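Each chain, written out:
There are 2 protein chains.
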Amino acid sequence: MTDTPVHSGQPASPAPTAATAPSRRALIGWGGAGLALGAAAAGGAVAVARSVDDTEPAASGAGGAIAFHGIHQAGIATPVQDRLHFAAFDVKTTDRAAFVQLLKDWTEAARRMTAGRAVGEGAYGGLAEAPPDDTGEALGLTPSRLTLTIGFGPSLFEKFDLAGLRPEALVDLPKFAGDNLDRNRSGGDLCIQACADDPQIAVHAIRNLARIGFGKVVIRWSQLGFGKTSSTTPDAQTPRNLMGFKDGTRNIAGTETDRLKKFVWVEDAKDADAAWMAGGSYLVARRIRMNIETWDRTSLQEQEDIFGRDKGEGAPVGKAKERDEPFLKAMLPDAHVRLAHPDTNAGATLLRRGYSFTDGTDGLGRLDAGLFFLAYQRDVRKGFIPVQRSLAADALNEYIQHVGSAVFAIPPGVRDKDDWWGRTLFAGTPGGTNDPKEA
Amino acid sequence: MTDTPVHSGQPASPAPTAATAPSRRALIGWGGAGLALGAAAAGGAVAVARSVDDTEPAASGAGGAIAFHGIHQAGIATPVQDRLHFAAFDVKTTDRAAFVQLLKDWTEAARRMTAGRAVGEGAYGGLAEAPPDDTGEALGLTPSRLTLTIGFGPSLFEKFDLAGLRPEALVDLPKFAGDNLDRNRSGGDLCIQACADDPQIAVHAIRNLARIGFGKVVIRWSQLGFGKTSSTTPDAQTPRNLMGFKDGTRNIAGTETDRLKKFVWVEDAKDADAAWMAGGSYLVARRIRMNIETWDRTSLQEQEDIFGRDKGEGAPVGKAKERDEPFLKAMLPDAHVRLAHPDTNAGATLLRRGYSFTDGTDGLGRLDAGLFFLAYQRDVRKGFIPVQRSLAADALNEYIQHVGSAVFAIPPGVRDKDDWWGRTLFAGTPGGTNDPKEA
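As given, the protein sequences belong to chains C and V, one line each in that order. Those letters in the first sequence? Residues 1 to 439, per full-length UniProt numbering, in order. Those letters in the second sequence? Residues 1 to 439, per full-length UniProt numbering, in order.
Calculated directly from the structure, the hints in this document are not laboratory data. Please read these numbers as outputs of a predicted model, since none were measured by experiment. Please note: incorrect hints may appear among the correct ones.
Stated by the list, open to error - To list a few chain C residues with every Cβ distance to chain V over 12 Å, as calculated: (1) Gly70; (2) Thr94; (3) Glu158; (4) Glu168; (5) Ala340; (6) Ala346; (7) Gln401; (8) Arg415.
What the hints assert, rightly or not - Here are the simulated DMTMM-like pairs of lysine to aspartate or glutamate, each with C-alpha atoms no more than 20 Å apart in a straight line: (9) V/Lys216 <-> V/Asp90; (10) V/Lys175 <-> V/Glu398; (11) C/Lys216 <-> V/Glu293; (12) V/Lys92 <-> V/Glu158; (13) C/Lys382 <-> C/Glu267; (14) V/Lys382 <-> V/Asp258; (15) V/Lys216 <-> V/Asp95; (16) V/Lys92 <-> C/Asp362; (17) V/Lys216 <-> C/Glu293; (18) C/Lys216 <-> C/Glu108; (19) C/Lys262 <-> C/Asp273; (20) C/Lys92 <-> V/Asp362; (21) C/Lys104 <-> C/Asp418; (22) C/Lys104 <-> C/Asp416; (23) V/Lys216 <-> C/Asp362; (24) C/Lys382 <-> C/Glu168; (25) V/Lys216 <-> V/Glu108; (26) C/Lys382 <-> C/Asp273; (27) C/Lys216 <-> C/Glu158; (28) V/Lys92 <-> C/Glu293; (29) C/Lys216 <-> V/Asp362; (30) V/Lys104 <-> V/Asp419; (31) C/Lys92 <-> C/Asp161; (32) C/Lys92 <-> V/Glu293.
For glycine and all other residues, C-beta sits at the position ideal for the given N, C-alpha and C.
Here chain C stands alone, though its shape is the one from the complex (with noise of 0.2 Å):
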C-alpha cells in the first residue's frame, strides 16, 4: 500500500544519546508505515525492510577516507583538508566512569564517521519513536578525507583529579605582549579538531559528537575555518592567507619522519614525565583577528618588507623562488619570516595547520576575518612559547591581533577497534581499564 520505509526493529546504538521524548506523533496511524510502527511500538518483532548497512550513506567505502586508527592520531601529519570545524568542550560531569563511557562512545562514533559511516544506527534506521542516532545531514555524502582529533585542556587534569599526570609539557601559556583574549574563545577542557574537505562533513561531525555527549560536556567555543593556510604537502601550491600571501612554505610535511619525530610526536623516552602522552603531540590554537581593511590600505611595498617575502611568488627577500633558503639578514629586524624563523628561536619549529576564517561583520562594518592558527609540537616550551615571544616585535603586530587562545594535550592515536581515546591516560585510574580487551 505504500513504499514508506519502514524501520527496523533492532534496539537503538549503545551511544548514550538524549532521552527520548515520547512523540506526540506517535501513535497516529497513516498508511502502512503506521501499521508497521505500532507492530514496533508493541515490541513485536517487524519485518526488517533496512538492513543496518542501509542507513550508511550512498558513497560508504567509497575513496576519501582517511584511516582513524594509528600509532598517532589522524589530523595532525594528514595532508591537510581543505575545512575546519574546530569545538572546544567544558566537562560538566565529574564521574570519571560516565566520561570514560563517553570517550568511548565518541571513538565509535568517530570510527564510523571517519569511515563515511553514520553514527549507530543512522538518520533513519532507529526505532521511529526515537530519536534518531544520526542527525542526517552527511547521508550521501563521501567520507571527504574527515579526521577527527581529540585534545585535553590542563583544566581537564584539574576536574579528574589527575594533575600528577599532567604532563609538564602542557604548560599554560603566557601572557603574550598584544594578547587581547576574550575567555568566552579561549580555554576549554578538551577540544576536537574535525577536518573535511566537505565542511558539511565537519560540522555533522562536531555535531553528533556533542550529541553524544549531550548532559556530559557542553560545547565552551566553537570556530570554522574556511580556507587551509598551511600546507604539509610540499609539492601542493601554498595556499595563500587573507593577507594575499603564501602561508606555510615551510612547513613540516607529513612526510618529513624525521621532522616530525623531532618536532613534533611525544617519545616516552625522552619526555618521561607523562609516559600515557608517547605517540601524542601538543596543540596551540589561537584565534587571530587580521585588521584586513586596514592592511589592505597599506603598500605593497610595505605589505612585503613586514613578511619578509615578495607577494607574488612568495620569495624571500633577495631570493627568486618561494623555497630558496631565506637569508634572514636581509630582512628588516622586524619581518615576519625572520622573527619566526627556527634560527631565530632556537631551531623551534612547529606543524601548523590553521586555517582561515570569516565569521560576518564586527558591527563596526568591519569584516570579522583573520587565521585560526593551529600548532602542533612536542613541547609548547620549545615551541609555541619561544616564537611567540619573539614574535612581540613583529611588525605585523600592527595589522593583527590575538583574540582566542588553547592549549590541548593530544594523545596517542586509537590502535585498533578495541582501543578508545585517552585510554592511556585514564587506563589506570578507577573507570578506566589497563587492557583495552576489557573495554
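The hints should help you fit chain V onto chain C, whose structure is shown.
Showing chain V alone in chain C's frame:
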C-alpha cells in the same frame, strides 16, 4: 642581482581604492628591487618585468567561469554553487554621481573576478608605493564558478530620492508570526550575493567590493553559507539541510524556462510600474536559526510527520520516491511540505537558493546553526509573503526561528562590457546616463 619581481610603472587601476598611505619603508633600498622601486618612485620609466596579464590568477581562462553578461544577472538560475558569502551594505554617500561611479567600478571588478582575474592591476601588479588593487588571496585559484549578484533595498530608493521608481512588488515585509528579528542582521540599502565553489573565492570577492566602496558604503551584515540546501539542477542529488532532510526537491530548475518566466523574472509589459526592472527579480533573504539540539532529540516519526516526507528517501507521505507528486491530504494539516506547497498558496512558487550556516556557538553551548534562506521571485506579494503567512501554522516552527530578514530588487543583468549594474535605474537620473556607451 635579484629576481625579486620588479613592479610595473603603469598607473594603478581607475577603481577608487583607499588613499595611498606613504610607506615608512618605501625608501629603504635592499638589493635590485630597491633600485627599481627608486626609479619608479621618481616617476621614471622602469623595465616592465611583469605585464598586467601576469597579475591574473594562474588558472585564469581555465574552466569554471560563469558568464557575467546577460539579460538576467547570474547567480539566480545558475546551478547552485557550493558556498556563499552574502553581504548587505549601508550606503553612506548621498551623492548620486558618486554612487553611480561606484556601481560602474563594482561592475568592472565583478566582470574581472567572475572571469578569474584579479581586480585592477592585481595583487602585485601596480605601484609598489600604493596598496595593491587586489587583496591577493585568490591568486592561483580558479574562478570556481563565481557569480556576483547585486540587489537594491527599499531604503536605497529613499536615500537617493527615487521613491517614484520603487517597484510596487518591492514591498516592505510585514511582521510574520514568530519573527524574532535582529535588526543588526536585517535590512540594508543594497546587497551583493557571492556564490562560488571555493569559499575563498566568494570571500575574496565581497572583501574586494567592500574595499572599492570604502567611504561610500559599509557592510551592514554578512553571512557565510557552506552547504547549499536547494538545488536548481534537477538531476543532481538533492542536498540535505541541517535537519537532515532533503531540501529543494521541487525547486525551479535553471533549465525550466517556462517556470522561470512565470515565477522569477520580471517582464516589463506585465510589471509596468517599474520598467527598469525588466529582466530582474526580487530577493527575500531570511536567516533562519534552527534549534538543532532540540530537533536532534525529536523522534524520527515526529520529524517525518513535521516535514511530510520521509527522512531517507525524501518521499512525500504515502509515496515511494522523492520526486513523486505529494498527496497533501495524506499529510498532517501542519506539515511543512503541505503548508509550503503551491496548491496551498494559490500557486505561489519561489526559486530557492539557500545555504546552511554554522556560526560558532551562541554562548549557551548550542551551535548557532540553521538555514540562510534565499528566495527569488517575480513579485514578493505573490511569492514569499503568502507562503510565509501560510507557514504561520507550520509544525516546524517549534524548532526554528527567523532572526534576520531583508528584501531587495534585483536589477536586470549587465548586457555587455559597456553596461553596468543598476544602469536602468540610474540612467535617467542626474549622474547616470541613458547611453551605456558614455558610461
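Evaluated hints:
no. : hint                  : verdict
1   : Gly70                 : holds (28 Å)
2   : Thr94                 : holds (18 Å)
3   : Glu158                : holds (20 Å)
4   : Glu168                : holds (31 Å)
5   : Ala340                : holds (19 Å)
6   : Ala346                : holds (26 Å)
7   : Gln401                : holds (18 Å)
8   : Arg415                : holds (31 Å)
9   : V/Lys216 <-> V/Asp90  : holds (9 Å)
10  : V/Lys175 <-> V/Glu398 : holds (18 Å)
11  : C/Lys216 <-> V/Glu293 : holds (14 Å)
12  : V/Lys92 <-> V/Glu158  : holds (13 Å)
13  : C/Lys382 <-> C/Glu267 : holds (15 Å)
14  : V/Lys382 <-> V/Asp258 : holds (17 Å)
15  : V/Lys216 <-> V/Asp95  : holds (9 Å)
16  : V/Lys92 <-> C/Asp362  : holds (18 Å)
17  : V/Lys216 <-> C/Glu293 : holds (14 Å)
18  : C/Lys216 <-> C/Glu108 : holds (17 Å)
19  : C/Lys262 <-> C/Asp273 : holds (18 Å)
20  : C/Lys92 <-> V/Asp362  : holds (18 Å)
21  : C/Lys104 <-> C/Asp418 : holds (9 Å)
22  : C/Lys104 <-> C/Asp416 : holds (12 Å)
23  : V/Lys216 <-> C/Asp362 : holds (18 Å)
24  : C/Lys382 <-> C/Glu168 : holds (12 Å)
25  : V/Lys216 <-> V/Glu108 : holds (17 Å)
26  : C/Lys382 <-> C/Asp273 : holds (16 Å)
27  : C/Lys216 <-> C/Glu158 : holds (16 Å)
28  : V/Lys92 <-> C/Glu293  : holds (17 Å)
29  : C/Lys216 <-> V/Asp362 : holds (18 Å)
30  : V/Lys104 <-> V/Asp419 : holds (8 Å)
31  : C/Lys92 <-> C/Asp161  : holds (14 Å)
32  : C/Lys92 <-> V/Glu293  : holds (17 Å)
Going down the numbered hints, you'll see the structure goes against none, and every one checks out.
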